[in-house]
Amino acid sequence: MPSPPAAALLAVGAPRRTAVKRNGSLPYTGVPRVRVVVEEGAGDGDLLAARVRLLESFVGRAEIADTAQLALQWLGEVLGIRQSICLIRPEGEQSLFVVGAYGLGSAVTSFSVSLEDWSNPLVSAFNQRKELFFPEPHTAADRKRRPSTPLEDAAFYAVPLGVPGYSEKAFGLLLLGGAPDLGPELQWFTTVFSQKLEQMLRQHVLAEEDRKQGRERTLLYNIINAVSDPILLTDTEGRLLIANARALTLFTAS
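Be aware that the sequence shown starts at 3, since it is given in the numbering used here, and climbs by one per residue.
Simulated from the structure, these hints should not be mistaken for lab results. All of these numbers come straight from a predicted model, not from anything done at the bench. The reader is advised that the hints may include incorrect statements.
[As the list claims (entries may be wrong)] Distance condition first, Cα-Cα at most 35 Å in a straight line; then the derived DSBU-like pairs of lysine-lysine:
#1 171 - 146
#2 171 - 132
#3 146 - 132
#4 214 - 146
Turn these sequences into a full structure, and let the hints guide you.
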């Protein structure tokens, strides 16, 4: 089998809008672009193939829960992380909600983290975008210092999800039980996973804005069409923007 090139660049998803970074560098387009090949000669072909499979599986996926579940399963099968939870903060909400879990019971879906609970260490990890490790508790005092999670007394990492350089705020958390350390493979995973989730969250926000504008436009037409007088709305240059049914009847030629 020929050795892989030094680096290969794969893109996941399609760009929707361009947003300029705060530091003035190149704009971020919302398309995850990550080097997926280890250094040439590393000889880890199985891991490389697993990376490629994950990126390929991201392409075309538009549901956050489906993508999160797939990604956490990849963590368990490839990196051996036995238990994991992905939490996301929906637009306008003040809590983190579970969108995917691996190695845990179905009751985990009811778990949430209120961002108004400042005493919760998970809130600090989220707000400060800081990775935290919680070892297994050995005393009652240790247990009181840990946040309450479906992972119970298992050691776990709390890893904020966000796109560095694009936004200063995180949009989610990964809880990784049984992870020995945050090595380069796990860091690579959180990078591509964050980019994919961020892209889908922006697309959902745009889609919701389009639906909201459609509802408002329908309401406006219902109101002006109920008026018997002709109504025309133009811009400052006289171009027609909106006309009610009466105006169309009077001023539109066949």
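Going through the hints against the structure:
no., hint, result
1, 171 - 146, "holds, 28 Å"
2, 171 - 132, "holds, 11 Å"
3, 146 - 132, "holds, 20 Å"
4, 214 - 146, "violated, 45 Å"
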